[in-house]
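A.B. asks: Residue numbers (the working numbering), protein chains in the order written: chain R, 1 to 557; chain X, 1 to 557.
By construction, these hints were calculated from the structure, which means they are not laboratory data.
Since the structure is predicted, the reported quantities are computational estimates derived from the model, not experimental observations.
Just so you know, even glycine gets a beta-carbon here, dropped at the ideal spot from N, CA and C.
Check the hints yourself; a few may be wrong.
Unchecked claim - A few chain X residues facing chain R, derived, Cβ under 7 Å: (1) 426; (2) 428; (3) 495.
There are 2 protein chains.
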Amino acid sequence: MDIKSIQKELKKENLSGALFTLGNMFIDEDILPEENRIRELTGFSGSYALLFITPAKAFLFVDGRYELQAKKEVNLKQIEIVKLAEICFADWLKKSFAKTAARISYNPWQLSQNTLESLQRQLPKAEFIPASPDKCLSPKKVKVFAHQKKFTGLSAKDKLSLVCAYIKQRKLAAFLVTSAASCSWLLNLRSNALPCTPVLRAYVLVEKSGTYKIFAEHTDLKEALPFEKLAAILPQYAKLGTDFATAPAMVKNLKPDVINTPDEIMNLKAVKNPTELKGTRAAHLRDGIALTKFMYWLSKNYKGKTETDIAAKLLDFRKKEANFYSESFATIAGFGTNAAIVHYHACPERAATLKKGSVLLLDSGGQYFDGTTDVTRTIALGDPTADMVEKNTLVLKGHIALASAVFHQHTAGNELDLLAREPLLKLGLDYEHGTGHGVGYFSDVHEGPARISIHAKHSAPLKAGMVTSIEPGYYKENAFGIRIENLYYVKPAKNPKFLQFEVLTLAPLDKRLINKYLLTADELKWLNHYHRQVFLSLKKYLTKQELEWLKDACAPL
Amino acid sequence: MDIKSIQKELKKENLSGALFTLGNMFIDEDILPEENRIRELTGFSGSYALLFITPAKAFLFVDGRYELQAKKEVNLKQIEIVKLAEICFADWLKKSFAKTAARISYNPWQLSQNTLESLQRQLPKAEFIPASPDKCLSPKKVKVFAHQKKFTGLSAKDKLSLVCAYIKQRKLAAFLVTSAASCSWLLNLRSNALPCTPVLRAYVLVEKSGTYKIFAEHTDLKEALPFEKLAAILPQYAKLGTDFATAPAMVKNLKPDVINTPDEIMNLKAVKNPTELKGTRAAHLRDGIALTKFMYWLSKNYKGKTETDIAAKLLDFRKKEANFYSESFATIAGFGTNAAIVHYHACPERAATLKKGSVLLLDSGGQYFDGTTDVTRTIALGDPTADMVEKNTLVLKGHIALASAVFHQHTAGNELDLLAREPLLKLGLDYEHGTGHGVGYFSDVHEGPARISIHAKHSAPLKAGMVTSIEPGYYKENAFGIRIENLYYVKPAKNPKFLQFEVLTLAPLDKRLINKYLLTADELKWLNHYHRQVFLSLKKYLTKQELEWLKDACAPL
Numbered sequence: 001m002d003i004k005s006i007q008k009e010l011k012k013e014n015l016s017g018a019l020f021t022l023g024n025m026f027i028d029e030d031i032l033p034e035e036n037r038i039r040e041l042t043g044f045s046g047s048y049a050l051l052f053i054t055p056a057k058a059f060l061f062v063d064g065r066y067e068l069q070a071k072k073e074v075n076l077k078q079i080e081i082v083k084l085a086e087i088c089f090a091d092w093l094k095k096s097f098a099k100t101a102a103r104i105s106y107n108p109w110q111l112s113q114n115t116l117e118s119l120q121r122q123l124p125k126a127e128f129i130p131a132s133p134d135k136c137l138s139p140k141k142v143k144v145f146a147h148q149k150k151f152t153g154l155s156a157k158d159k160l161s162l163v164c165a166y167i168k169q170r171k172l173a174a175f176l177v178t179s180a181a182s183c184s185w186l187l188n189l190r191s192n193a194l195p196c197t198p199v200l201r202a203y204v205l206v207e208k209s210g211t212y213k214i215f216a217e218h219t220d221l222k223e224a225l226p227f228e229k230l231a232a233i234l235p236q237y238a239k240l241g242t243d244f245a246t247a248p249a250m251v252k253n254l255k256p257d258v259i260n261t262p263d264e265i266m267n268l269k270a271v272k273n274p275t276e277l278k279g280t281r282a283a284h285l286r287d288g289i290a291l292t293k294f295m296y297w298l299s300k301n302y303k304g305k306t307e308t309d310i311a312a313k314l315l316d317f318r319k320k321e322a323n324f325y326s327e328s329f330a331t332i333a334g335f336g337t338n339a340a341i342v343h344y345h346a347c348p349e350r351a352a353t354l355k356k357g358s359v360l361l362l363d364s365g366g367q368y369f370d371g372t373t374d375v376t377r378t379i380a381l382g383d384p385t386a387d388m389v390e391k392n393t394l395v396l397k398g399h400i401a402l403a404s405a406v407f408h409q410h411t412a413g414n415e416l417d418l419l420a421r422e423p424l425l426k427l428g429l430d431y432e433h434g435t436g437h438g439v440g441y442f443s444d445v446h447e448g449p450a451r452i453s454i455h456a457k458h459s460a461p462l463k464a465g466m467v468t469s470i471e472p473g474y475y476k477e478n479a480f481g482i483r484i485e486n487l488y489y490v491k492p493a494k495n496p497k498f499l500q501f502e503v504l505t506l507a508p509l510d511k512r513l514i515n516k517y518l519l520t521a522d523e524l525k526w527l528n529h530y531h532r533q534v535f536l537s538l539k540k541y542l543t544k545q546e547l548e549w550l551k552d553a554c555a556p557l
Numbered sequence: 001m002d003i004k005s006i007q008k009e010l011k012k013e014n015l016s017g018a019l020f021t022l023g024n025m026f027i028d029e030d031i032l033p034e035e036n037r038i039r040e041l042t043g044f045s046g047s048y049a050l051l052f053i054t055p056a057k058a059f060l061f062v063d064g065r066y067e068l069q070a071k072k073e074v075n076l077k078q079i080e081i082v083k084l085a086e087i088c089f090a091d092w093l094k095k096s097f098a099k100t101a102a103r104i105s106y107n108p109w110q111l112s113q114n115t116l117e118s119l120q121r122q123l124p125k126a127e128f129i130p131a132s133p134d135k136c137l138s139p140k141k142v143k144v145f146a147h148q149k150k151f152t153g154l155s156a157k158d159k160l161s162l163v164c165a166y167i168k169q170r171k172l173a174a175f176l177v178t179s180a181a182s183c184s185w186l187l188n189l190r191s192n193a194l195p196c197t198p199v200l201r202a203y204v205l206v207e208k209s210g211t212y213k214i215f216a217e218h219t220d221l222k223e224a225l226p227f228e229k230l231a232a233i234l235p236q237y238a239k240l241g242t243d244f245a246t247a248p249a250m251v252k253n254l255k256p257d258v259i260n261t262p263d264e265i266m267n268l269k270a271v272k273n274p275t276e277l278k279g280t281r282a283a284h285l286r287d288g289i290a291l292t293k294f295m296y297w298l299s300k301n302y303k304g305k306t307e308t309d310i311a312a313k314l315l316d317f318r319k320k321e322a323n324f325y326s327e328s329f330a331t332i333a334g335f336g337t338n339a340a341i342v343h344y345h346a347c348p349e350r351a352a353t354l355k356k357g358s359v360l361l362l363d364s365g366g367q368y369f370d371g372t373t374d375v376t377r378t379i380a381l382g383d384p385t386a387d388m389v390e391k392n393t394l395v396l397k398g399h400i401a402l403a404s405a406v407f408h409q410h411t412a413g414n415e416l417d418l419l420a421r422e423p424l425l426k427l428g429l430d431y432e433h434g435t436g437h438g439v440g441y442f443s444d445v446h447e448g449p450a451r452i453s454i455h456a457k458h459s460a461p462l463k464a465g466m467v468t469s470i471e472p473g474y475y476k477e478n479a480f481g482i483r484i485e486n487l488y489y490v491k492p493a494k495n496p497k498f499l500q501f502e503v504l505t506l507a508p509l510d511k512r513l514i515n516k517y518l519l520t521a522d523e524l525k526w527l528n529h530y531h532r533q534v535f536l537s538l539k540k541y542l543t544k545q546e547l548e549w550l551k552d553a554c555a556p557l
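Bound-form chain R, shown alone (with noise of 0.2 Å):
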């Protein structure tokens, strides 16, 4: 496929442009290289753009993190970048198309129904027609596994008779799970399909009365049946409902009246469930013994390492821990001016070499049978600057108000996400990403609907149960950036009426970037109780020099 043979086509056709979006028929979900007929068409690799072609010319549109990279990875003369920073997509397709009505195709399988009719909304005039029904789907085999009840709590059988009460309180015949997330979680299945989230990509048509069907390709899964059945299945239900939210357009052309209904899933495996919290608690202490030990390697070791090398030593020792099945995400290892990019991720060829006089972000996690985890950690190389040290002890102060709050229940993640903002704010600076997410359970590492962030204007509300991430960071361009990320789970607080944060992570902070002048007695206290934590922890774990380092690096401030 290249544009210019789409070009042709859209001139036969008499279509005015073609819609292609980055992924695949799981939206939203993480999509392997071969996937992305975005970086096919244009060259660009960015995780981020949406590519509209016209029978003259394609556009690619970007956010702010990718103008650079988009510039220098395209052919600009056949492709024009357009920055969604200053028009979003269907400001700009109105604007393009504000005399004629416009006849754009789109591929079915790769934008949601919620998505395909906010467009609709915003151009009632423009027809949609769907086109090239492609699944963006790699042929390569997929082993299928179980996720054993020892790790889950539930059988599959208990999780499917939740999902049909759910389903009869909708008065539906059936609901089709399109989240790839949300089928693993029911199932109790994983697979090896994607290197760092360990899901099944199905879809799981669930009836009433708890019967199921799965839909999957090119795994070794004897029952699953191939998507092309749902336009046999689906039109069978008089009933049938499914989150357009998540459910690509397709469903909706198969079945016309197929009701837009919130995949409960998303609910249900956001609380962890007590088997669930014991796991991911083991499953800290495992991922801070090794992040841990990693921290004393690299405090003797860095000298001359670049930023790949010490990614691959990190996961050397997670891969010594009991339960780790991969990292949960490619590990950011940003040194000097690359922690400054928020986004940031190092390949060999260019990867920083490590020195003194700077500051690591490191930002990495695992994949265990009992547990996801992501931490970042700041350190120093060498001696830090004050302004690294003002700043990384500010981000300290604003994780830790955030860390410690106590809320009402029904406190969504927008009304608490200015906490962690407040020090930085208060001298007029910020982090332009947000301030926590969701994380599942040897499933996604960025997992719904929890979300702290001030962007997120309408994001649910934290539950007890929940799993999430604090992370305030800072960045300054073309000199040094820091986060701070622990993850939390949220339970009830002495006065049960209210919430708050415990704290799962479990690895120093490094004091040598914290101005203990610039915390009050309570941030004082919280990070010396933190330290303490850490220690008493992790100490039965390590070496004689382990153990002499940790005590140094936990000792009270």
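Given chain R, work out where chain X should sit, using these hints.
C.D. replies: Okay, now just chain X, sitting in the frame of chain R:
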């Protein structure tokens, strides 16, 4: 009108029940006692209730504040009290009419179109029948007067042209303004209809061209048309807009195709113009002088005085200030255990007498031609207990956290609220009211759309120029109550990407109720800076004795 004759009528008309709300044709605005149909029918004198009369019974729906009071005031043989804390009205209706299709009469002047539509949505089988249109307007003659341009900054003509632009943008032929506060702002008119809120109670119909008609009754305004004329006039417009939140259902009854259109005047008037901001600052200076003189007087004279005595004395001090018009609400002066009742209003027969050993909670404000004030001070009489000092200090910490916050553009009140509650929540404590409300300009002391409350999930973003209260509190039943309230205006922060608050209220906080060792260095700095500002602002306007007292009251801690 009495319950029995209504019940007779219900039987005759074969109706299931009649709904009465508390209010007149100006939805959710203050009313006069003689306009209160629920009081007339039941004797209940609280500020919020719903009354539902069936052929056999009557049900009075009240919230937690009024459960006890309702039981005392109404005839329990005839009227059953329903607690809104346990069931909302719509759910109660659903339960009561689960099997029969209810036929419910309502007063179309008294119910907003939004409320009617919400009830209809929740009870799709019920029939809502407009009955007995009663505007619930006092026949007392009202004097109308101009709010002079030297105070308003903009002429009515200027304001009309802003509204015309909005009407055109919305592609309407005309817009019917039904909020009394909006009409008053638009035409720079005020009236003496209400004791503490100087609004002109009118509707204004603005045409696209800028011409307008005023509808008002019992006023000396010559150009005013009676409301009955709406029936003939509204249908003349092809596209008429009105805000269903503030328009009574009557408007849609008279003009079935009226279009629900937000009242943009709410947003326009919430952002104060430079003349209004200057006025507000000047009014707050005068109000601070009056309150400070009163506090000095109180310190010497409280013994033997009752709550109503001192409220009258405070009014005397305010009356001496330039541009003073009236109180902005009936002063809440609660001493001792009365201070623990959030909505306490003393009456001369029951007012407590002030004496040593507890606190006075004093919430009051003034209407000045150049601004509206609202301030709460908690004042120790004699030596306060350690508990009072601790709780007042926690409330102060919350007040300071919010007052000194820096926040993003588009931050809504519910996203700020937790900053003020954290010091209490951390100890498992809280207050059961909002943290702040918008304030009008020689108008409603509670003005939308700004609101700072964890319970107002979809409140409007704060904008530069808005005026809001910050008023955390703490109430210990049968013991004492604390509230610390200042007004602030919103302005760009040093980094103009962000916003912050600037204080308007100028009156000392009682240092005898502050434990400085519970404050952080930054909090102490805020307090001492505020007191210095109060002292420097007020010092010119006081007697020698008052000045001595203020010097001491404002000396740094």
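A.B. asks: Mind checking the CB of residue 426 of chain X against every CB in chain R and telling me if the closest is under 7 Å?
C.D. replies: holds (5 Å)
A.B. asks: For the restraint on residue 428 of chain X, tell me whether the closest CB of chain R is nearer than 7 Å.
C.D. replies: holds (3 Å)
A.B. asks: Taking the closest Cβ pair, is residue 495 of chain X under 7 Å from chain R?
C.D. replies: Holds, because the Cβ-Cβ distance from residue 495 of chain X to chain R comes to roughly 3 Å (cut-off 7 Å).
Hint violations for this structure: none, all hints satisfied.
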